[in-house]
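Undergrad: The chain contents come next:
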Amino acid sequence: MGDQEAVTGTSRVKRGMADMLKGGVIMDVVNVEQAKIAEDAGAVAVMALERVPADIRAQGGVARMSDPDMIDAIMSAVSVPVMAKARIGHFAEAQILQSLGVDYIDESEVLTPADYANHIDKQLFTVPFVCGATNLGEALRRLNEGAAMIRSKGEAGTGDVSNAVTHIRRIRGDIARLTSMSPDELYVAAKELQASYDLVAEVARLGRLPVVLFTAGGIATPADAAMMMQLGADGVFVGSGIFKSGDPVRRAEAIVQATMNFDNPDVVAKVSRGLGEAMVGINVADIPVAHRLEDRGW
Amino acid sequence: MTTSPLIGVLALQGDVKEHEVALQAVGARTIRVRSAEDLSGIDGLVIPGGESTTMSNLAIRADLFEPLRAASSAGLPMYGSCAGMIMLADRVTDARPDQQTIGGLDVTVRRNAFGRQVDSFEIDLDIPVVGTTPFKAVFIRAPLVESTGPEVEVLSILRRDGAAGTIVAVRQGVRLATSFHPELTGDTRIHDLFVQIVRQHS
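Protein sequences appear in the order of chains S and G.
All the letters of the first sequence, read from the start, carry residue numbers 17 to 314 under our numbering.
All the letters of the second sequence, read from the start, carry residue numbers 141 to 342 under our numbering.
So that you can see chain G by itself, here it is in the shape it has in the complex (with noise of 0.2 Å):
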């Protein structure tokens, strides 16, 4: 491959810019996915945050969902924050019956675990994969992971205010997933790590 790989971005809705700065800060090109046409040619796929529902939604009527999942099966890399996590789950619980995912990452995830808007926080967070200085994490409205299978590799645990940690960063080979908005902070340290395994896996 090239030096520089291109990474599509979902762009049904959501924060589709931040993640493209962040991408390209660490030197991938990017493009933009709206259609099954869209994936062809990329190196990895990045979906952003937005609203879990609508994103699956919109993804439904774009006749997306085929696709994207036959690009996961046949390797495509895949980062998801907070509404991209639940749209990589293999099963997802507080969702509406009809929503869907592409799947491929062996974990249920909880919609809205932490409440409201109100209750949406940022918080230093421990991500010993990326470095030993905290991350700057940004949850809004954010899904956590309740339980993982074997081939699930949680990157970083979240405890706060005394309570039991819960699981908010995964990685299963080249599936990548955050409950939290790195692209809101301006430390790419997560989208460097996923631009690495995009490299390693061409």
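Chain S with its partners taken away, still in its complex shape (with noise of 0.2 Å):
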């Protein structure tokens, strides 16, 4: 046979992309130091942005799209992936991230929006993108606007592990009920996940999300990583938890060994020693309902 043609961007290869990372910790890093940190520790990818959410949330103002040359010094430096960020809504950041080649674009609720009514036509990339949800009526909209992986989005830079549980717990609980329901009553929970019915079909069929789904927003300690993964997350997400810690290098392997050795807490009880102090964090509680993260993206 002669040549065939090559074909990019597709689902397939946007989907299988976060396969690859299943089991593994995406490490935040705003430079090539923590960059490489992270990669030594064992993360599978980086996602490089210009500020920590506790910093954002500390710091406060618009909050964008990192530095070109940030990003590229970055990809430089180490050969796991590297993700950045866009703003939701915000298409031209995400264009200028695919003309970078990065490897994976989060169009974050951590970043300022750029638009308060449409996210960003993902389906028109040939980057594939990662987006946050609190519940599956989300996670399934963001799939329809062409997301290759889904992330619970928990509340970022608060090392409060809370958001982050109630969200999975909610995504895989509304996944329950649907693969419980008849046929016919696909058609209503479409309505009411006000999802495609489609794939809300697929979902109740599978049981499970058609991509990748991943934790994130307040993981801080290794056994933080460990009870995400326990309630079914594929991988993990995090953010200030690892580089607002007395000692980042080892945080960042404890949580990376956690996250592998999830069901076994003689690992997890080994990995937790001798950490140094975490991440001092603030109650999501005690956070402002308009500052809170989790509210932006719809």
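Hints may be right or wrong, so weigh each one.
As the list claims (entries may be wrong) - Derived lysine-lysine pairs resembling DSSO-like cross-links, with alpha carbons at most 30 Å apart:
id : chain 1 : residue 1 : chain 2 : residue 2
1  : S       : Lys286    : S       : Lys52
2  : G       : Lys157    : S       : Lys52
3  : G       : Lys276    : G       : Lys157
4  : G       : Lys276    : S       : Lys286
Please keep in mind that the hints were generated in silico from the structure rather than gathered at the bench.
From the two separate chains plus the hints, produce the assembled complex.
TA: Set out below in structure tokens:
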């Protein structure tokens, strides 16, 4: 047979990339030094951004896509995949990130939204996208727009894991309910979830999302990571929890080991020792509702 | 051996579940391998897709390389897809200098040979050893085989866009490797081939 045509940017290629990250930890990094620490610790990918969520929260102001020079420098410094964040709805930032050659774009509520009605039309891009969700309907709306990976949102920059727990339990609970419905009930479920019927029917049949589901937003300790994995996450995003802690090198290694060995408490106990101070953190309940990131995205 | 071989899947990180599903579909039993003890009693080992830099790092920390190399030397059949191909290669280019491999496959493999994720692709591939129907092959930040030793059998050559062909599937005795991810497609012919190798070996 002669030459065949190669097709890039297919759904299978985009979703498959996320499959390769399963069981791993994706770490927020703001410079080359942190990216190297993350890779050395066993991170499966790094997320390049200009400030970690805890600093965005503390410093305020508008949070945007990172400087392309910084993203380039990180891509040159590490061999693991490099992700970067674009503002919700900011398709021009996403175009820039695709042009830079990042491996995944996070259309993220951690940055200040650029559009309070529309998300990015992710079907138009060759590079795959990950998006946050607090419930199944939100996750399916993002998939409909072309997201190839979902992360439960949690509450970024807090070190408080409670919202991450709430969101992954809600997504998994919503899925479990769909699997027990008869076919005629799925039409109403699709209406209530504000999601496409085809996706709802697919989730009901599979008993899971048709893409990889990571967790994010408040994971700060090895125990947090192990719990989220046991709750059904395919992997873990850690933002401020590592580089806002007393000993980022050891904590990064420990969270990687706890994620891999999430079902082995002896290992998680061992790696939890001697990590120094965890990030101080902030209780989600103490954050004014208007400042909560989970409500960005719809 | 029993009619249903027991295949380990290295479960440090990566698309372990997809390989388990494919192996079970062709009649194998599966077990996840995370420590040296898990290697005892298995008839074959699959190294899944994932991030080879990370997989090497995690295997070093788990003290797994020596037991894996010992198992390979003892003749345990192994199949690696993508990152797994890199893990089986004797030589890797474009990797971190501290990246280790199990080795045993006399090839030189180039990491991320096709570019970054935006260059990942799928294509219909000829793999004559598994039949005449083209194989829907998914390449994700994929490696390719730059050179092969005398005992290596080339199973498939990718020809795309008029470029010279590149080797993307190889076999050397009981060792099998693909640059692409058959576990993502539902086409189980590569897994079936591996299980046949395992059966014939036992």
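Undergrad: Each hint needs a verdict: does it hold in this structure or not?
TA: Hints, one by one, checked against the model:
1. S:Lys286 / S:Lys52: Measuring from Cα to Cα gives roughly 24 Å; hence the hint holds.
2. G:Lys157 / S:Lys52: Roughly 29 Å separates the two Cα atoms, so the pair holds.
3. G:Lys276 / G:Lys157: 19 Å, holds
4. G:Lys276 / S:Lys286: Violated, at about 44 Å.
Taken one by one, the earlier hints fail for this structure only at number 4.
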